[in-house]
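S.K.: Below, each chain spelled out in residue letters.
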Amino acid sequence: MLDLSKFNSLGEALRSALDTWPGEICLIEADRDRENARLTYRQFKELALPLARALIDAGFRPGSRAAILMTNQSKWLISAYAIFHGGGILVPLDYKLTPAEQLQLLAHSRAEFLIVEYHLWRAITQSPEFKKLAARIVLVTEAPAKADLAGAQRWESFSDAASGSPPPAIVPRRREDPACIVYSSGTGGRPKGCVLTHENYLEQCIALTALYPFWPGVRYFSILPTNHAIDFMVGFFGPFVCGAAVVHLRTLRPEFIREAFPRYRITYMTLVPAVLKSLERGLRQRFDELPKSKRRMLDALIAANRSLTRRRPRPKISRLLLPQVHKAFGGALLALFVGGAFTEPSTLQFFYDLGIPVGNGYGCTEAGTTITLNDFKPFRADTVGKPLPGLQVRIAQPGPDGIGEVAVRGKTVMSHYLDDPEMTAETIVDGWLLTGDLGRFDSSGHLQLFGRKKNMIVTEEGKNIYPEDIENTFDGIAVKEYCVFAANFLWPARTMVGEHLVLVLHPEPGQSISPELIADVAARNRRLLNYKRVSSYLAWDRDFPLTASMKIKRGELAGQIRQALAREAVVPL
Amino acid sequence: MTTLDKTTEQILQLAADHFQVPRASLQPGDDFFKKLGINSLQALDLLTRLEQHFRIELPDYELQGVSDFRTLAERIQSRL
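Order-wise, the sequence lines are chains A and B. What the first sequence shows, in numbering that gives the first Met the number 0, is residues 0 to 572, in sequence order. What the second sequence shows, in numbering that gives the first Met the number 0, is residues 0 to 79, in sequence order.
Since the hints were made in silico from the structure, they are not lab data. Hints should not be assumed to be uniformly reliable.
Said to hold, decoys possible - Derived DEER-like restraints, expressed as beta-carbon distance ranges:
1) Gln19/B / Lys145/A: 40 to 46 Å
2) His499/A / Thr2/B: 34 to 40 Å
3) Thr2/B / Glu507/A: 45 to 51 Å
4) Arg60/A / Asp59/B: 34 to 40 Å
5) Ala144/A / Thr70/B: 26 to 32 Å
6) Leu545/A / Glu8/B: 50 to 56 Å
7) Arg285/A / Gly36/B: 38 to 44 Å
8) Pro21/B / Arg264/A: 42 to 48 Å
9) Gly398/A / Pro21/B: 46 to 52 Å
10) Gly281/A / Pro21/B: 38 to 44 Å
To be verified - Below, a sample of chain A positions facing chain B; criterion: calculated Cβ distance under 10 Å:
11) Arg14
12) Arg31
13) Ala122
14) Lys130
15) Arg249
16) Thr250
17) Glu254
18) Val274
19) Thr458
20) Leu528
21) Asn529
For clarity, every value in this text was computed on a predicted model and none was experimentally measured. All residues carry an ideal CB built from backbone N, CA and C; glycine is no exception.
Produce the complete structure using the sequences and hints provided.
M.R.: Here is the structure:
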């Protein structure tokens, strides 16, 4: 791989990669069983440099902000490279948000440029808030020939005017300059725009590749959204600076994911617990369908593999012992990685016993993504691993049981939250990032997580949901006041599973919780995306404690509720 | 020409078969995530079943933000 200590910016490092491995494949893009694109590093450069030229000709300047709103595909990475080449700041936006939310974050980021897929752009232009869009130049990919682009330009032809011009020189950046603004939450009104610097990414990449190197020939299967900092790192920057290839699949249907493993001989892949679980279910079902004698044979081979890989993974032996299983995964898979939410140890053990090690990790965008990761020396199913090299992790204010808040310090920790010094000061204290997660180190230096201190939930699909982000859905319901809490924030529980949200309703004096009110609440709840919904409500009969500026003192209210009511008081919605 | 009502009815029947629940328990306006207790991955599974039945191809994004059977039927109907 490239020696990243020699580079000051993502653009410089990526540019060097394009020149170092011109003939290697860097990108494969498939849709179901069709291959859309297969690019070498040279071809990637030939597409990206004219785009950089055209952006600069259109007024793109060092420090200009450009948002990308796309599903995982080759044009995402080509556009990102062009932005970095021009010295810009990338704002990767979540394509799963609603158009109104996307417009809100676009406004907050003050992105002048927007690069967006046609179907997402169409939804944005149909949104009532569309008129608020401030981006000066919008490039739309894959628009049908006769589509009305509402003033936007076609990505595919934008570079044409610049095709005869010489490629622009790369714009130098300092390590401490912002590279990306990544939103970790805040669609409900207080956006958390994590400003991640070039140094954050370069150092994170050095640390991750020390544990899990890439090299030319490696195929990384990128299915987590590239707008998340983790896929940006392991599904773009990391593979590229090592001359490896990224495989994109434009559908997340489980059957096509399964088919992609053998078709593209995948080496590594990162996924969320829900997808890992789905793979486990599929395999268990196939095992259960085997005739008894074959099943007994399989169980014996799995037991033999478990015994032979106790100290470390031995992929060659595992492939010999369990050829059918490994054939289904393409025969070249070295490891899967999982993070973003809690993964059951039994699932991790299931795969490890088959000779498919799953590296369980933990992190957050504010820390430059990964904080801890398992290294299989030996395999552990019950922890989220050890801190990455170069990162300091400690437990702040531990209780008698050793459990306290996980705090992180190091070169991968973000610079600040965009335009929010107050929240930055609450989150990064004396150089330590306070994660809001509760954990404890065991005697071998592995971190174990036990729940959350902060008022939020994480779904098994790795979605972080903050109550403040969904509360405005209930604006106008017929009560005196209301508030949304994570159930485990109201009643602290030492668990990472079964997290859900509770709506606390305080009716007007003399008013009751009527069926009409609950019907209204349920109807509004349905307007939220399914994973953001509140699961239950709680009736409360006292005034909420408020600040001088009439904001709810959430911590104090939670304390009052905790004292007065038990978890059983909630009513399912 | 299949009407939207017929398409909706077929979707409800296929969903009932796929997730093994009584057909009568499902209504067009139902939130299928909640009613069937499924996550978005399992919903993608259903989409595959519907594609086979209607002989169409539905990109994943067609399901984005859709959580009730009727809207799903509209998305499918527009591609028939």
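S.K.: For every hint, state whether the structure bears it out.
M.R.: Hints versus structure:
For glutamine 19/B and lysine 145/A, the hinted distance range of 40 to 46 Å is satisfied, since their beta carbons lie about 44 Å from each other. For histidine 499/A and threonine 2/B, the hinted distance range of 34 to 40 Å is satisfied, since their beta carbons lie about 39 Å from each other. The given range of 45 to 51 Å is respected by threonine 2/B and glutamate 507/A, whose C-beta atoms sit roughly 46 Å from each other. Checked against the hint of 34 to 40 Å, the C-beta distance between arginine 60/A and aspartate 59/B comes to roughly 36 Å, which is consistent with it.
For alanine 144/A and threonine 70/B, the hinted distance range of 26 to 32 Å is satisfied, since their beta carbons lie about 28 Å from each other. The hinted range of 50 to 56 Å is satisfied by leucine 545/A and glutamate 8/B, whose Cβ atoms lie roughly 51 Å apart. The supplied range of 38 to 44 Å is broken by arginine 285/A and glycine 36/B, whose beta-carbon atoms lie about 24 Å from each other. The hinted range of 42 to 48 Å is satisfied by proline 21/B and arginine 264/A, whose Cβ atoms lie roughly 44 Å apart.
With their beta carbons about 50 Å apart, glycine 398/A and proline 21/B fall inside the hinted range of 46 to 52 Å. The supplied range of 38 to 44 Å is broken by glycine 281/A and proline 21/B, whose beta-carbon atoms lie about 26 Å from each other. With a cut of 10 Å, the hint placing arginine 14/A at the interface with chain B is violated, because the nearest CB-to-CB distance is about 32 Å. A hinted interface residue such as arginine 31/A counts as satisfied when its beta carbon comes closer than 10 Å to some beta carbon of chain B; here the least separation is about 8 Å, so the hint holds.
Here the hint on alanine 122/A is kept, as its CB sits about 8 Å from the closest CB of chain B, short of 10 Å. Given hint, lysine 130/A at the interface with chain B, is violated; its Cβ is 21 Å from that chain's nearest Cβ, farther than 10 Å. Because the smallest distance between the Cβ of arginine 249/A and any Cβ of chain B comes to about 8 Å, under 10 Å, the interface hint for this residue holds. Here the hint on threonine 250/A is kept, as its CB sits about 5 Å from the closest CB of chain B, short of 10 Å.
Because the smallest distance between the Cβ of glutamate 254/A and any Cβ of chain B comes to about 6 Å, under 10 Å, the interface hint for this residue holds. Among the interface hints, the one on valine 274/A holds; its C-beta lies about 7 Å from the nearest C-beta in chain B, closer than the 10 Å criterion. Hint status for threonine 458/A relative to chain B: holds, with the closest Cβ pair at about 8 Å, below 10 Å. The criterion of a C-beta within 10 Å of any C-beta in chain B is met by leucine 528/A, whose closest approach is roughly 7 Å, and the hint holds.
With a least beta-carbon distance of about 4 Å to chain B, the hint placing asparagine 529/A at the interface is held under the 10 Å criterion.
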